[in-house]
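The task is simple: from the sequences and hints, build the whole structure.
These protein sequences, in sequence, are chains A and B.
According to this note's numbering, the first sequence is numbered sequentially starting from 1.
According to this note's numbering, the second sequence is numbered sequentially starting from 313.
For the record, the hints were derived by calculation from the structure and aren't laboratory data.
Don't take each hint at face value.
What the hints assert, rightly or not - Here are the simulated BS3-like pairs of lysine-lysine, each with C-alpha atoms no more than 25 Å apart in a straight line:
id	chain 1	residue 1	chain 2	residue 2
1	A	117	B	357
2	B	607	B	705
3	B	359	A	117
Said to hold, decoys possible - To give an idea of the interface, some chain B residues facing chain A are shown, with a C-beta separation under 10 Å as derived from the structure:
id	residue
4	367
5	430
6	535
7	539
8	549
9	554
10	558
11	560
12	565
13	567
14	581
15	582
16	586
17	589
Said to hold, decoys possible - Here are the computed distance ranges between Cβ atoms for each label pair:
id	chain 1	residue 1	chain 2	residue 2	range
18	B	367	A	58	33 to 43 Å
19	B	368	A	289	36 to 46 Å
20	B	522	A	236	41 to 51 Å
21	B	736	A	81	26 to 36 Å
Here a beta-carbon is modelled for each residue, glycine too, at the ideal position from N, C-alpha and C.
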Amino acid sequence: MLSRSAERLYWLARYMERTENTAKVVSVYMNLLMDLPKGVEMGWQQLLRINGAEAEFYEKYKSAGERNVIRFLLSDESYMGSLFSSLSAARENIRTTRELLPDEAWEQVNELYLFAKNDLETVSNRRSRVLFLKKILEGCQRFSGLLSGYMSHHHPYRFIRLGRNLERADMTSRILDLASLLLSESRSDELRQYETILWMNILTALNALLMYRQHVRSRVKGDDVLSYLLLDKDLPRSVTRCLVEISDCINQLPNNDALSDRVQELEDYVQAIDIREATQLQLRVILDDLQNKLGGLHGHIADNWFSRVMPE
Amino acid sequence: MKSIWENYTTENAYDELMYSEFQPRPVSHGLCQYLNSLKKTDIDKRKIAAELAIMEMGITFTVYSDEGNIDRAWPFDIIPRIMDAREWRIIEKGLKQRLTALNCFISDVYGEQHFIKDGKIPSETINSSKNFRKECVGMKPRHNVWANICGTDLVRNKDGVMYVLEDNLRVPSGVSYMLENRVITKRVFPELLQGINILPIDDYPTQLHDMLSSIAPEHIPKPLIAVLTPGIYNSAYFEHAYLAQQMGAQLVEGSDLVVKDDNCVYMRTIEGLEKVDVIYRRIDDDFLDPEVFRKDSALGVPGLMRAWKAGNVALANAPGAGVADDKVVYAYVPEMIRYYLNEEPILPNVPTYLCSNPEHYEYVMAHLAELVVKPANESGGYGMLVGPHATAKEVAAFRKVIQADPRNYIGQPTLAISTAPTLCKGKLEPRHIDLRPFILQGENTFVTAGGLTRVALRKGSLVVNSSQGGGSKDTWIINMEGH
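See below:
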């Protein structure tokens with residue numbers, strides 16, 4: 001398979017995953033705010049924090065109210081991390097790799113893009129936003145499902161899985177980062193009362209509530225949730241599971257030389273994290289570090305397979 | 313009752329579907345009955361459904377501009393163009409005959425040049441052709457076929473006769489639209505298609521794949537086939553990607569390929585370099601190989617001609633095949649058929665006056681206001697004069713253009729090309745159409761059942777090119793036997 005195609009499929013999967021994650025996080029967050037009483041210190045700016053986009057946001061907007069944050073995260077075409085930008089980038093990548101994918105894959109992404117483009121203005125209204133996000137989530141799921149069911153699980157598919165899981169691990173670590181911030185000692189008594197609701201919503205954002213209940217079999221507690229989302233080997237969106245998937249793809253791809261070891265190192269690093277021993281501050285440092293390491297892994301993947309300049 | 317046929321007329325040209333506004337031809341009986349059974353709002357609904365399908369399937373032209381990328385939907389008319397299979401079989405035979413003769417001619421031009429030596433064509437005509445590539449002299453592509461993929465433009469005159477307007481032997485496009493048009497029609501008129509015996513067209517990608525396999529360097533049982541595209545900003549990129557996907561071939565850009573010292577072509581893959589055996593190139597000769605043709609080409613592959621000449625890779629169409637895609641050479645095709653095949657041409661040419669010939673030149677100059685005058689090497693309907701539609705000023709300006717370079721111009725009578733009912737603001741109106749069948753030649757020869765019907769959507773216009781306000785229709789070849 002062409003290196004150029006491998007790169008475009010990898011990014012196609014990353015952008016589709018980013019689209020889905022953005023839709024999921026925004027919709028869970030709306031839900032959470034409806035549960036919390038007025039006056040609790042959970043504003044819309046926390047959403048910007050997850051994307052690490054506060055600086056860019058304040059260059060364009062004065063205040064982080066619902067309207068501005070939603071516009072920025074969902075429909076702002078000039079912000080590369082917005083849902084619509086991600087979906088547009090996914091479409092551009094699939095447009096140039098159509099020959100490797102089932103017919104329905106292109107139509108699915110194209111239809112989703114056309115829908116989003118058409119309905120972009122409706123997201124300022126809460127009720128239509130709920131419908132909009134639901135459609136986006138369904139579209140992303142259909143896309144993953146049809147690839148899984150229609151496409152050979154060969155090299156092109158492995159690059160799709162690789163992109164998807166790297167993006168997913170990154171998003172999970174960002175959400176955990178926000179969670180650990182909320183756990184910090186400085187939180188108010190009022191927020192503490194609602195802690196369980198907070199953690200339940202974080203599980204929901206990662207589609208993990210049911211699995212958590214079955215697996216952990218205890219009430220929803222911060223430390224347990226963090227451990228579960230970081231270390232569980234079976235939950236699709238836990239960091240560890242994403243690394244298992246990444247490692248599986250890498251080991252089956254050709255010329256994987258140094259990469260196998262690098263993923264193994266990263267897996268060991270994550271397994272060694274002990275949530276109960278770490279202070280909140282230490283935990284945030286660890287999660288920051290994890291995000292950097294994931295970025296490093298992306299660099300190695302790109303150098304190894306996507307590089308256009310090859311030794312003669 | 314006001315019907316969708318109100319004000320329909322068949323007076324000005326041969327109409328493909330109707331004898332008159334009241335009487336359909338036998339082939340279009342079923343369609344007309346069906347259309348008359350629909351309410352006007354139903355027809356509008358089908359039209360909207362077709363437009364939606366086109367957007368969702370992403371059958372678009374992308375127009376890139378400073379303000380961003382604009383996707384324009386492929387202009388499609390839902391009313392099909394219909395032909396009787398009995399007539400089609402004759403045309404099909406004629407197309408095969410024509411391409412076979414053209415390939416004999418190209419082989420001859422780059423070989424012994426008997427056609428020139430026997431005085432059938434002036435050597436000057438070949439030597440002055442922009443598309444004659446001296447680098448190709450002495451080459452022998454497999455099966456002696458140079459033009460593997462040909463799009464021949466056919467028009468029907470008022471006399472009811474189908475004429476060949478031109479042979480596109482370089483990188484003819486449009487076949488993906490032919491295929492997608494049928495997919496849309498199936499979505500929009502499912503109940504109609506069931507009752508009519510229409511020849512299927514969807515085996516084209518398979519036929520294309522087989523043809524490309526048949527021209528691979530010998531002793532390669534399963535050749536690696538690639539479609540070489542100029543890239544995503546090319547207006548035909550949709551088609552390149554579509555055909556690669558349908559054939560299961562690799563879609564490559566110039567920068568994905570490299571020619572090494574062993575004169576073989578390789579593509580850059582995740583596993584290193586992998587050898588490519590057949591390239592269906594959608595790049596003009598000029599841009600194919602900067603080592604040989606245009607030095608500034610960033611689209612091509614340095615060394616590709618070396619690899620081709622060494623017989624390590626097949627190129628379709630072969631470089632230099634365009635020498636027969638020249639409107640002056642066109643005039644000699646009937647003679648080629650007689651000369652190489654010893655047969656009479658089945659499909660006639662449009663009478664053509666060559667401005668390089670002094671007698672013809674005088675005639676063209678004296679009749680500019682009646683003729684269509686075209687440059688020999690342009691495509692897309694550019695740089696031509698349609699005499700009856702031009703102002704006196706335009707005619708005078710064009711006269712000077714011809715005087716400056718007579719070799720490059722031909723004149724033809726203005727044909728009253730045929731019409732077909734086309735949906736215009738909820739009513740059917742006659743619009744001029746042509747037909748581009750696609751012919752494949754490798755080990756065997758294959759002709760699509762029908763082809764791409766292009767329609768001039770502007771009232772009275774004869775220009776069907778999509779870049780100039782043209783659209784397209786699904787083309788039905790109907791088997792009437794047993795009816």
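Consistency of the hints with the structure:
Taken as a hint, the residue 117 of chain A and residue 357 of chain B pair is honoured in the structure, with Cα atoms around 23 Å apart against an allowance of 25 Å. Distance check on the hinted pair: residue 607 of chain B and residue 705 of chain B sit about 40 Å apart at the alpha-carbon level, beyond 25 Å; violated. Distance check on the hinted pair: residue 359 of chain B and residue 117 of chain A sit about 22 Å apart at the alpha-carbon level, within 25 Å; holds. Interface hint at residue 367 of chain B: satisfied, since its Cβ lies 6 Å from the closest Cβ of chain A, which is below the 10 Å cut-off.
Annotation: interface hint on residue 430 of chain B violated; nearest CB of chain A at approximately 46 Å, more than 10 Å. Using the Cβ-Cβ criterion of 10 Å, the hint placing residue 535 of chain B at the interface with chain A is not satisfied: the shortest such distance is roughly 17 Å. A hinted interface residue such as residue 539 of chain B counts as satisfied when its beta carbon comes closer than 10 Å to some beta carbon of chain A; here the least separation is about 8 Å, so the hint holds. Residue-level restraint check for residue 549 of chain B holds (minimum Cβ-Cβ distance to chain A is 8 Å; threshold 10 Å).
Taking 10 Å as the C-beta cut-off, the interface hint given for residue 554 of chain B holds, the closest approach to chain A being about 7 Å. Interface hint at residue 558 of chain B: satisfied, since its Cβ lies 8 Å from the closest Cβ of chain A, which is below the 10 Å cut-off. Taken as an interface hint, residue 560 of chain B checks out: its beta carbon lies about 8 Å from the nearest beta carbon of chain A, inside 10 Å. Contact between residue 565 of chain B and chain A, as hinted, is supported at the beta carbon level, the nearest pair being about 7 Å apart and thus within 10 Å.
For residue 567 of chain B, the interface hint holds, since its Cβ comes within 10 Å of a Cβ in chain A; the closest pair sits about 7 Å apart. Hint status for residue 581 of chain B: holds, given a least beta-carbon distance of 6 Å to chain A, under 10 Å. Taking 10 Å as the C-beta cut-off, the interface hint given for residue 582 of chain B holds, the closest approach to chain A being about 5 Å. The beta carbon of residue 586 of chain B is positioned within 10 Å of a beta carbon in chain A (closest approach about 9 Å), and the interface hint is therefore held.
Hint on residue 589 of chain B is violated. Least Cβ distance to chain A is approximately 16 Å, over the 10 Å limit. Between residue 367 of chain B and residue 58 of chain A the CB atoms are about 37 Å apart, so this pair conforms to the stated range of 33 to 43 Å. Distance hint check for residue 368 of chain B and residue 289 of chain A: the Cβ-Cβ separation is about 44 Å, which falls inside the suggested range of 36 to 46 Å. Between residue 522 of chain B and residue 236 of chain A, the C-beta spacing of about 43 Å keeps the proposed range 41 to 51 Å intact.
Hint check: residue 736 of chain B to residue 81 of chain A, Cβ distance near 46 Å, so the stated range 26 to 36 Å is violated.
Violation of the numbered hints given earlier is confined to hints 2, 5, 6, 17, 21; the remaining hints are satisfied by the structure.
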